[in-house]
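Novice: Quick note, the sequences are listed as chains Z and U, same order.
Position one of the first sequence corresponds to residue 1 (this note's numbering), numbered consecutively onward.
Position one of the second sequence corresponds to residue 1001 (this note's numbering), numbered consecutively onward.
There is no bait here: all hints are sound.
Per label pair, the in silico range of CB-to-CB distance:
#1 U:Leu1176 / Z:Glu39: 35 to 43 Å
#2 U:Arg1025 / Z:Lys197: 29 to 37 Å
#3 Z:Pro120 / U:Arg1042: 26 to 34 Å
#4 Z:Gln258 / U:Arg1042: 43 to 51 Å
#5 U:Arg1132 / Z:Asn55: 38 to 46 Å
#6 Z:Leu45 / U:Glu1153: 27 to 35 Å
#7 Z:Met127 / U:Lys1120: 44 to 52 Å
#8 U:Arg1091 / Z:Gln258: 22 to 30 Å
#9 U:Glu1153 / Z:Gly72: 17 to 25 Å
#10 U:Gly1056 / Z:Thr131: 42 to 50 Å
#11 U:Met1027 / Z:Asp128: 19 to 27 Å
These aren't lab readings, by the way, just hints derived from the structure by calculation.
A virtual CB, placed ideally from N, CA and C, is assigned to each residue, including glycine.
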Amino acid sequence: MVVTGQDRKELMLRIINLAESVIKSGVDPFDVDVKEFFERLRAILPKLRDSDELNLDIDAVLGLANIIFHQGESIRFKSSLLYLDPLLIMWKIRSLSSKELAGVLTSSWHPIVDMESITPHGIKESMDYWTNLPSFGDRARLDSTEVLPEEMEFQELARLGILSKEEFVSAIERAWGELKEKADGGEISYWDFINAKTFEETISRAWIVSFLVSYGYATIDVKPLEEEIFLKPLPKPMKLERVTTFSVPISISRSEWQRRRKHG
Amino acid sequence: MAEEKDVADLREKVARAAQLLLFRRHMQPGVKAWELKRDLGRNYLEVIKVLDDELGKLGLTVKKVEGGEEGSDSDRYFVTMRGHPAVSEARTFGWRIDDMAILSVVLSYILSKQGKAPLKEVERVLEEKFPRWKVEQDIDRFIRRGYLEEDDEGVLYIGWRTRAEVDQKALLGLLLGREKVVEEKVKPEGSPEVGENEREAEEDVQ
Chain Z
1 MVVTGQDRKE LMLRIINLAE SVIKSGVDPF DVDVKEFFER LRAILPKLRD
51 SDELNLDIDA VLGLANIIFH QGESIRFKSS LLYLDPLLIM WKIRSLSSKE
101 LAGVLTSSWH PIVDMESITP HGIKESMDYW TNLPSFGDRA RLDSTEVLPE
151 EMEFQELARL GILSKEEFVS AIERAWGELK EKADGGEISY WDFINAKTFE
201 ETISRAWIVS FLVSYGYATI DVKPLEEEIF LKPLPKPMKL ERVTTFSVPI
251 SISRSEWQRR RKHG
Chain U
1001 MAEEKDVADL REKVARAAQL LLFRRHMQPG VKAWELKRDL GRNYLEVIKV
1051 LDDELGKLGL TVKKVEGGEE GSDSDRYFVT MRGHPAVSEA RTFGWRIDDM
1101 AILSVVLSYI LSKQGKAPLK EVERVLEEKF PRWKVEQDID RFIRRGYLEE
1151 DDEGVLYIGW RTRAEVDQKA LLGLLLGREK VVEEKVKPEG SPEVGENERE
1201 AEEDVQ
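Turn these sequences into a full structure, and let the hints guide you.
Specialist: In structure tokens form, the structure reads like this:
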């Protein structure tokens, strides 16, 4: 059989890729016929012409050696007490409810116990901050004028051409549907719901949520002690004539958003 | 007289070991073996054994997680609960039932795949039961907390916190129904409610 340079290269690259698949993608190492590949490499070895081909040959041999190593690891794992058929595990995962799965975790869970503490350096830094902080009276005398944020009505946005009525209604409906799905019959943390990849998108979601609550699509529950805010979607929009309403100001700064993105 | 001095010395070392293990001094909780050796001396394992006995009275234990080769200085020691929390109790730590269920699925799946599985594959399994946004959010959180590790190739591994906190063999056994899921919290040492099987499942401090 005539083997061209291209065939030789393809064979060696195929072996290298296979070895990478075994290492990285969890392909069963026993699916690779190592002996046959070694025989084919041996057959083409005398025909290798240049250093590139020889380098590829070395990589291919190393790849096969790696596959043998993983075969050994696989045998060791399968003979250990921890080995269970992945298909059996998948079947059990599918058949158990969330509560049962949670019970499986907690029954094998021994959480770490530790306490956070402050170092002497941290105490000194806090003391310096407090000592150097201007008094409340001094701070009040700073030359600045506080401008309170104002609410922009939907009509105003429509007048400015930013949002049409149809777009607005569909945005509300979309958000309501998403909220119902995420709350899954219960409630969901306000921050979890509005949290998005960008600060602008987060603000946009918070804005839509304010209408969801104002128009009776959802209720908002503020728990000051836990410092948590929960949203609960209503199955049908509630008419607000007979309900006592109140405003909940929620400040969302970029730094707060970044902190929540970082800490989850 | 010499004996009294030894006892006082040991007590001091046990107290020091408790401080080292319980107060977090780094980003991660726990203390490395070389730090214990440095602060408690060469016989630090004996001190840890005494501390473990004392902590047992409070329902806690000292857990060792191997860092590499056996007897390595990079082994890490943690204080963990001796028993386990009930589902209802775990909810008071800020864990939702679906968060616990997702971690249970991820760990079981990775363990059944020899300790590593591609992220995409894990997400596909989870999305059969949970919404996509929840899956992504929880996996990110578990990686941040150390329950999972992810490499540059997008492969998930068991993280340091799982090795410290989760009895992996029991997890798989419970999943397959070979062991019983216990709802009640295991009481501290000395309590008659503590099951023998559970006690045996605990890893002894060497």
